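Chain residues, written in single-letter form:
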Amino acid sequence: MYAPGTESLIKQAREIQEEELQKFYVRVSKQLHSGKDPGGEVIDSLQRLHLIVSATKYARTLPADLAKKLQMLLRSPSCVEQLQVLSSTILRESLPLSAHDLSKDLSHDSRALSYTASVVLSQARSKDDLLPLSQNLLKSLESRQPEIQIPKHTLPILSKMFIFCLDILNEDQVNLISRKLADWLRYASIYQGASMSSGGFFTSPRSRQPALMTEVDGAVAGDFFTVLCVGQSYTEDQWMNMYTFSMIKSWLLTYDTDGTSNAESAQLKRPQVVHTTSFQDDRSELDSSVMSMVSATSSSSRLLPPKERLREKAFEYCHRLIEQSDRKAVKKADAELQKACIVESVSIMDIICSEDPSYVYRGFPCIKALYGRLSTDLAFARVLLPIAQFYLSHSETAAVESEAVFHHLFSRFPAELFNEPMLAFEFVSFCLHNVSVLQKKVAIYRQSFPNLLKFLAWNSPGLISEFMELLPSFLAPETAIELLHTLLDLPCLAAALDLQHRSAWYQAADRAVWDQQGSKITASLDAFRQPSYRGLFLYILRPEAGTGDTIDRLSMLHDALEGMAESPRVLCCAQIVPVLLHVYFNTIMQMADGKMMNQLLLVLLERSSLLYKIKNFSTEVQRVFSTHLQALCKLNPPLIVDQYKELLEFTSTTTNIYTKEDFYTHVVWVIGEYLSLSYDPRCTVELITSFFEGLEAVLFEITQVRQSASPPRYSPRLLTVLMTALAKLASRSQDLIPRASLFLSKMRSFAHSGRVATCFSDEDSEEIITRAHELINLLRLPNVAQFVLTPSAQGDCPRWHRDTNAALPQRMRAISGLLQSHSSFLPV
Amino acid sequence: MVVCFLIHTVCPVSALSAGESRILYSRLFGPEEDTQLQRSAEQQRLTQKETLGLIARQVRSAVSASREASGRVFVEAGLGEEAMALNDAEYGVLSLAHRDPFADRCVALWLGVQALAFTLVCQPHENLLLAEGSLRNLTRHCLEELRLLGPGSEVLLKSDRVDAMLQRLLPHGQLLFLNHRFAYALDKELSSYTGK
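Quick mapping for you: the protein sequence lines, in order, are chains A and B. Position one of the first sequence corresponds to residue 1 (the numbering used here), numbered consecutively onward. Position one of the second sequence corresponds to residue 1 (the numbering used here), numbered consecutively onward.
What the hints contain is simulated information worked out from the structure, not anything from laboratory work. Just so it is clear, the structure is predicted and the values come from calculations on it, not from any experiment. Accuracy of the hints is not assured; some may be wrong.
[To be verified] For each label pair, taking beta carbons as the anchor points, the in silico distance ranges come out as: (1) B:G19 x A:K613: 21 to 31 Å; (2) B:H125 x A:D326: 18 to 28 Å; (3) A:T257 x B:S14: 49 to 59 Å.
Glycine included, each C-beta is placed from N, C-alpha and C at the ideal position.
Using the sequences and the hints, build the whole thing.
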């Protein structure tokens, strides 16, 4: 529990007065100075000091003498560990920076050095800040004197350094470390370390024959030492073996590439053969009887240069770990470690094979066998991802069939493990990492988007940014329309997954438990189990694309899922759909041909009223539709003629105004804008007239002034857009002008009627009247009207606006003169 | 490698606005890529602390979202029930985009135990299976050593124990492949540390 006391301690630490703080510094300083063995009091003071310096985000500056004393404590090998910990944390958190002072005189004691390093690392800003420390560590690595111990944390510290700054090591140093790493990996003792407790009082440890390490299942170790070898205690080199394996991947990623060293140190490269002469021979302390496959097949690496030798040793090590991971671990912790080891080993093998393809032939038998062993067990799902990565990177080189692997991966995992957040993340990262290869080479990938979207539906807030990146890769002419439907149904998918999850938990018989879920959810759960809904749910939960873009009875499914509309996952999905739709449309606009655009337009019209009823969902989706409808028509204006029947039907249906006004308004606008001979030669007078009549009827219906009629339930904007659309159409077929003018002239009485005044503000009514007047005026001069209401497509081009000799600016000036100064044109 | 480790609240804290999180322990494993050159040490520190605060907030909202979605009812666990609390813990992962807030893309693993979250931010190519195991192990140690399920404030005053833990289980941010005997050896060292 979070205690209120904790909160008040933080407050105190933050608000301590300067004077009090200075006194406290002096007191701590004195305590440290007393020369006595520091006891509980000092520790207590330092703990408080640490709280004071760390509790605020603004740095506190220690007095110089206190900082010096803490540095001394930190360096001193004889100091109690707790004091070292406290000194290092206080120095890390406060000013002045002490890294520089500390680097001048580094301790030889392993523990003191490690705590000092933590301060140096946290305060370092550049390579230069790290050099003294790295030199110190390298010196101990170079030393051949047995009495110089290698500090325990050498490798983690070096890792931090080279990840921060690649060129902190020169070519020789990289080779030196590579040699050391290879030795630690491959030649750590296979015997257990001398355990303090194992030797009794009467038996001297020396007389006891050291025992061999065991495997995780208790059998005697079959080959060289690895992190999966268990013993009572470990020797120094076994610890180094563990540290080496823990960092070897980042080492290989950093230095095992051809362009390892940067340009500066490239000149240091010399023929690597020089080093081979100074190698220690490949030692073999192993009894031939304990050889496993790995050692038996080990190639002689005696003559290899250090990097290649390390590659060889690391490969053998990983191979052995994979072998060892087949053993049944006695301890649960070791079983977990086995999985982590497989993941690491396979990725290391992948790195090595990418660097040197000759390893691919050695690697594949092992990886294949591993896949065969683990693929059916879902408990190993996360382990299969690096295996799939290996197949993806190397199956072509080795001419190995990989389709089955990906089929298994994409069809089973998302469907069965969508509720595993870690797997979901790793799976999606895997796709993202390999997106271009998957698109090109793995046929099942694009087909699997209904399955992959399950991860998103279940874990939506965590994976949205990944899916925004991934979405374009699902798009192809054959998947585009189905993908759009699937995105729109994403909240349904979330609801269906939720039901699937729940129904697996509660058996049908446990009605009591079901009912606790709330009656609404129970109804949805019931539907989920009814055979009549089976087909619908099977479709929504389908693993692959290609069974059809959508289904007929979608609204029935929406009704069945009504009870889930307030579930958090569904709500979350409903929020991300508009975001994904934007990504979708922005991508599809770049690849769609005329046929596809026609299909898209139809989907927009159809789905604008066929959506899962979630609060705000329809409004948000329709808003996205509106934006992209405009873009779609602008890109391809003949769409209006192509789909005139559907558009006419849509716009003539007055109920559409009340359910989706925004989208309706946009449809009317695009008709007015793009139904023109200048965009499409097929645009006949009849077509214009039929649209005109349709819109006229709608405008008439909604502006009818009857006492019984209810006040308008739409915005003034819809009216002005409708009016303008009518005027635009009339300007293109001049026979319609008198009808349009007559209609527009009626708008004044409409806007002034009592029931309109109750819901539109004065400004709104005024706006409607002004617009009507303007349009009437324009229509009086048909040629001007045509120019203003149907500007040529070139109007978008910058030249038309900037070049004063172009027609547009001149005409604009003429028109504004016409509308503003020549008031005689205005009706009285 | 691990970039940072945090212990922070995911419950409402009276002094903070909703959605904020109080960081009780933080350790940033430097050095850190400096995104803005020539900043003073004060500015650098301020940025670091704000970065950590940002991560804590993001994790807090992820924990809340995950708890809300799962709809599970949480049983409050007290001292001595650490294993149960850990078993019941919500867990998850979120990705931190390039330069937002760290120089490179990172991955934040989190474990929500009762009112607290334990967060480990690591580099993207890190072995997440190992990282998750390490995070669970660290969390168990913290819950036990700092009596986090109890009413005290050890987490602030005895935070050196967390440092000593990290020094062994996650030296300088290096995730370690520890089998149960390696872990046992380190646990023994740790218990002799806290025993002092």
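Item to check | Hints violated by the structure (listed by number, smallest first) | outcome: none
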